[in-house]
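Chains as they are written, first to last, in this note's numbering: chain A, 1 to 355; chain B, 1 to 355.
Simulated from the structure, these hints should not be mistaken for laboratory data.
One or more hints might be untrue.
As the list makes no split between identical chains, a pair holds if one copy fits it or if it spans any two.
As the list claims (entries may be wrong) - Derived pair list, reagent style DSSO-like, types lysine-lysine, alpha-carbon separation capped at 30 Å:
hint: 1; residue 1: Lys11; residue 2: Lys344
hint: 2; residue 1: Lys37; residue 2: Lys344
hint: 3; residue 1: Lys308; residue 2: Lys257
hint: 4; residue 1: Lys257; residue 2: Lys344
hint: 5; residue 1: Lys338; residue 2: Lys266
hint: 6; residue 1: Lys37; residue 2: Lys280
hint: 7; residue 1: Lys344; residue 2: Lys291
hint: 8; residue 1: Lys16; residue 2: Lys308
hint: 9; residue 1: Lys164; residue 2: Lys37
hint: 10; residue 1: Lys338; residue 2: Lys164
What you are looking at is a predicted structure, and each value in this text was computed from that prediction instead of being measured.
Number of protein chains: 2
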Amino acid sequence: MFFDDLLDERKKSILKAIIDDYIDTAEPLGSRTIARKHGIGLSSATIRNEMADLEEMGFLCQLHTSSGRIPSNLGYRFYVDRLMKRKELVPEELETIRSMLDDNISELTQLIRQVSVLIARITRYTSVAVTPRIARNRIKTVRVIPIDTYKGLVIVVTNTGIIKNNVVYFCEPADPDMLIMISNFLSSRLPGLTTENIDDDLVLGIRESVYIPDELLLPVMQGIRDCINQIDGSEIYLEGAANILNYPEFCDIIKAKDLLNLMEEKSVLAGMLQGLLSSKGLSVRIGTENKMDQIENCTVITATYSYKDTILGTIGIIGPTRMEYSRVISIMDYIRDKVNIEIKRLVGSGDDNIQ
Amino acid sequence: MFFDDLLDERKKSILKAIIDDYIDTAEPLGSRTIARKHGIGLSSATIRNEMADLEEMGFLCQLHTSSGRIPSNLGYRFYVDRLMKRKELVPEELETIRSMLDDNISELTQLIRQVSVLIARITRYTSVAVTPRIARNRIKTVRVIPIDTYKGLVIVVTNTGIIKNNVVYFCEPADPDMLIMISNFLSSRLPGLTTENIDDDLVLGIRESVYIPDELLLPVMQGIRDCINQIDGSEIYLEGAANILNYPEFCDIIKAKDLLNLMEEKSVLAGMLQGLLSSKGLSVRIGTENKMDQIENCTVITATYSYKDTILGTIGIIGPTRMEYSRVISIMDYIRDKVNIEIKRLVGSGDDNIQ
DNA sequence: TATTAGCACTCTAGACCGTCGAGTGCTAAT
DNA sequence: ATTAGCACTCGACGGTCTAGAGTGCTAATA
Numbered sequence: 001m002f003f004d005d006l007l008d009e010r011k012k013s014i015l016k017a018i019i020d021d022y023i024d025t026a027e028p029l030g031s032r033t034i035a036r037k038h039g040i041g042l043s044s045a046t047i048r049n050e051m052a053d054l055e056e057m058g059f060l061c062q063l064h065t066s067s068g069r070i071p072s073n074l075g076y077r078f079y080v081d082r083l084m085k086r087k088e089l090v091p092e093e094l095e096t097i098r099s100m101l102d103d104n105i106s107e108l109t110q111l112i113r114q115v116s117v118l119i120a121r122i123t124r125y126t127s128v129a130v131t132p133r134i135a136r137n138r139i140k141t142v143r144v145i146p147i148d149t150y151k152g153l154v155i156v157v158t159n160t161g162i163i164k165n166n167v168v169y170f171c172e173p174a175d176p177d178m179l180i181m182i183s184n185f186l187s188s189r190l191p192g193l194t195t196e197n198i199d200d201d202l203v204l205g206i207r208e209s210v211y212i213p214d215e216l217l218l219p220v221m222q223g224i225r226d227c228i229n230q231i232d233g234s235e236i237y238l239e240g241a242a243n244i245l246n247y248p249e250f251c252d253i254i255k256a257k258d259l260l261n262l263m264e265e266k267s268v269l270a271g272m273l274q275g276l277l278s279s280k281g282l283s284v285r286i287g288t289e290n291k292m293d294q295i296e297n298c299t300v301i302t303a304t305y306s307y308k309d310t311i312l313g314t315i316g317i318i319g320p321t322r323m324e325y326s327r328v329i330s331i332m333d334y335i336r337d338k339v340n341i342e343i344k345r346l347v348g349s350g351d352d353n354i355q
Numbered sequence: 001m002f003f004d005d006l007l008d009e010r011k012k013s014i015l016k017a018i019i020d021d022y023i024d025t026a027e028p029l030g031s032r033t034i035a036r037k038h039g040i041g042l043s044s045a046t047i048r049n050e051m052a053d054l055e056e057m058g059f060l061c062q063l064h065t066s067s068g069r070i071p072s073n074l075g076y077r078f079y080v081d082r083l084m085k086r087k088e089l090v091p092e093e094l095e096t097i098r099s100m101l102d103d104n105i106s107e108l109t110q111l112i113r114q115v116s117v118l119i120a121r122i123t124r125y126t127s128v129a130v131t132p133r134i135a136r137n138r139i140k141t142v143r144v145i146p147i148d149t150y151k152g153l154v155i156v157v158t159n160t161g162i163i164k165n166n167v168v169y170f171c172e173p174a175d176p177d178m179l180i181m182i183s184n185f186l187s188s189r190l191p192g193l194t195t196e197n198i199d200d201d202l203v204l205g206i207r208e209s210v211y212i213p214d215e216l217l218l219p220v221m222q223g224i225r226d227c228i229n230q231i232d233g234s235e236i237y238l239e240g241a242a243n244i245l246n247y248p249e250f251c252d253i254i255k256a257k258d259l260l261n262l263m264e265e266k267s268v269l270a271g272m273l274q275g276l277l278s279s280k281g282l283s284v285r286i287g288t289e290n291k292m293d294q295i296e297n298c299t300v301i302t303a304t305y306s307y308k309d310t311i312l313g314t315i316g317i318i319g320p321t322r323m324e325y326s327r328v329i330s331i332m333d334y335i336r337d338k339v340n341i342e343i344k345r346l347v348g349s350g351d352d353n354i355q
């Protein structure tokens, strides 16, 4: 990479010292401070010259003449790609992760929600998690259960382990035996279908092959469709939104409000997580690398979780660009692995593949 | 009430003018401004004297000598109890309520979540909703559904219309027919029981009356118990937390953070809503009437929703003590009625009573 | 030739005024 | 009982000044 040629070792170590320190203190760094605090055997004047170079190359910037330097977005980018060393997780962090994931979690959405809480707590930034909007789910089980004369409960289980239910209303009294008949019929007919297959043609096909009164069949099929819409329409979990107020970059109430408002718009959040959905690795988007204006001073780190090469969703955090990259990236990586293992436990009991 | 004797008409109208204006502007009111803006035919000097009286009686206070007056908590209390006129809902508000509640909502928790969003949007404060922690729920339907060899799905429906499900794991392969047998047995045995009845004695009783292998029965009963815990353990919905930042009383980032942190502690919120659970009327707790320090500058207004005299839960809003009482109280009252009607539609199809 | 000491310069944050205006309480006149 | 008038208080606002941290440049140094 041309980056490597661009900066010699001395520049790199100065840049790293500045960014490390700035991430810690949120204060612009001056040459004298660097010479004093970080054991680089150089005078402040020399460092000053190097800093001028680094600024000219775009890695640093100044808030005003005669202020110290702070990292630019490009600086952070270089830091994340080249300079930063991953920080080992400390025992407390490992213990928190263990205790929060070893609960008896029995369902995918429950797991993701729990992970969202976990990430917010452990990183001290804001976490976002999204279950994916994919039409890859296949129906595994469908049941219809009588509740009372005019009501029934439709349940759909997918191969990805998502369970949804829906109450359906009948305009005529429903014969329980007939409902059980419907349930048995559907549970032999629908499994294996993708969610897209549940359409009007299917209803017509069913009508031809077996007699079910429309007053029952139509509400039930609508109920199934509603379940599926809930499954395909992804859900979003947000945790630790108030955490951003702990960082001085959001001490301005206007900025804080903008960001919090954004966070309450779940649809916008969803779009934000769509990013690169590579199945391996983390996506780190720094400042303006995020397309949205409202988060141009934020970094968004996302990881995908998946089962058998199918991406099931995304977990991520939002924080200031001045983020503890080395700590957070390690944590996200570690938790992503854990989540994938949990998913394997939840979804797969070695029976069917997910494609 | 002694209150009525305490303040003559003139004092009342001055107090009302001050509070109305302060709710609107958030600025302390001076005697001259009152004389000018509100058509009381008195000079500023007279009003000044009255204001001094009102302050001495505790209805007003001053931030410092020679500042205008602002209402005290007692002032707000008197305003809410005696002075305020309810504000009619405007057409836009009615339309918002109609459109957000006429969606095809099929389940109680879904309704409450939707109401929470609605209230936050329409009042522009923060809304909280809680489903109740009551052991009054009775089991209406129980089903066990095979998912695959080692997994089943337990479903519990209560007479209050709550539906929960839980995946259970078997350590031995489960015979689907046996599961159906269990399902049929439990669905004849459990309905009508309260959630407290599901205990070890019950399991022993079942064991005696029918043969079910422990490898199946125990996980299933545990699954039912987990469902019940989810039902009894109330869920909390919070919406519009960022709204508080729109009010100048929270322009101080520290105060805002305190409040937002509080709001993220769902258990604390739950306690906050427990207040008076009278089945009629609203509870309005102003400032220090709330027992918690963190919200001593907030007012919490709560309403309960219920079905056939059984309180099912609480909806509420949190905002500054300088709240638009007349508007918000009308809205809360109106929405509470609407919710109760919706609940009747959801829960009751005229089959069983809830006690 | 690369590094460093020294110096003049820049800019911000904070302390310290003085002024203005809104508001009060009191007194005397109506 | 009400009001006009007056002296007083206090915060908000704007200007000035200073201290301190940091810079860039130049000349001296290893």
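So, going through the hints one by one against the coordinates:
Taking identical chains as interchangeable, the C-alpha atoms of lysine 11 and lysine 344 are never at most 30 Å apart, the minima being 45 Å within one chain and 71 Å between chains. For the homomeric pair lysine 37 and lysine 344, neither the shortest alpha-carbon distance inside one copy (48 Å) nor that between copies (69 Å) is at most 30 Å. For a Cα distance limit of 30 Å, the shortest separation of lysine 308 from lysine 257 qualifies neither inside one copy, at 40 Å, nor across copies, at 42 Å. For a Cα distance limit of 30 Å, the shortest separation of lysine 257 from lysine 344 qualifies neither inside one copy, at 39 Å, nor across copies, at 39 Å.
In the homo-oligomer, the alpha carbons of lysine 338 and lysine 266 lie at most 30 Å apart both inside one protomer (26 Å) and across protomers (26 Å), since each shortest distance falls under that limit. Taking CA atoms no more than 30 Å apart as the test, lysine 37 paired with lysine 280 passes in neither setting, with 38 Å inside one copy and 66 Å between copies. For the homomeric pair lysine 344 and lysine 291, neither the shortest alpha-carbon distance inside one copy (33 Å) nor that between copies (47 Å) is at most 30 Å. In this assembly of identical chains, lysine 16 and lysine 308 lie within 30 Å of each other by CA distance neither inside one copy nor across copies; the values are 38 Å within and 67 Å between.
In this assembly of identical chains, lysine 164 and lysine 37 lie within 30 Å of each other by CA distance neither inside one copy nor across copies; the values are 57 Å within and 58 Å between. Taking the closest pair of Cα atoms, lysine 338 and lysine 164 come within 30 Å of each other both inside a single copy (25 Å) and across two copies (27 Å).
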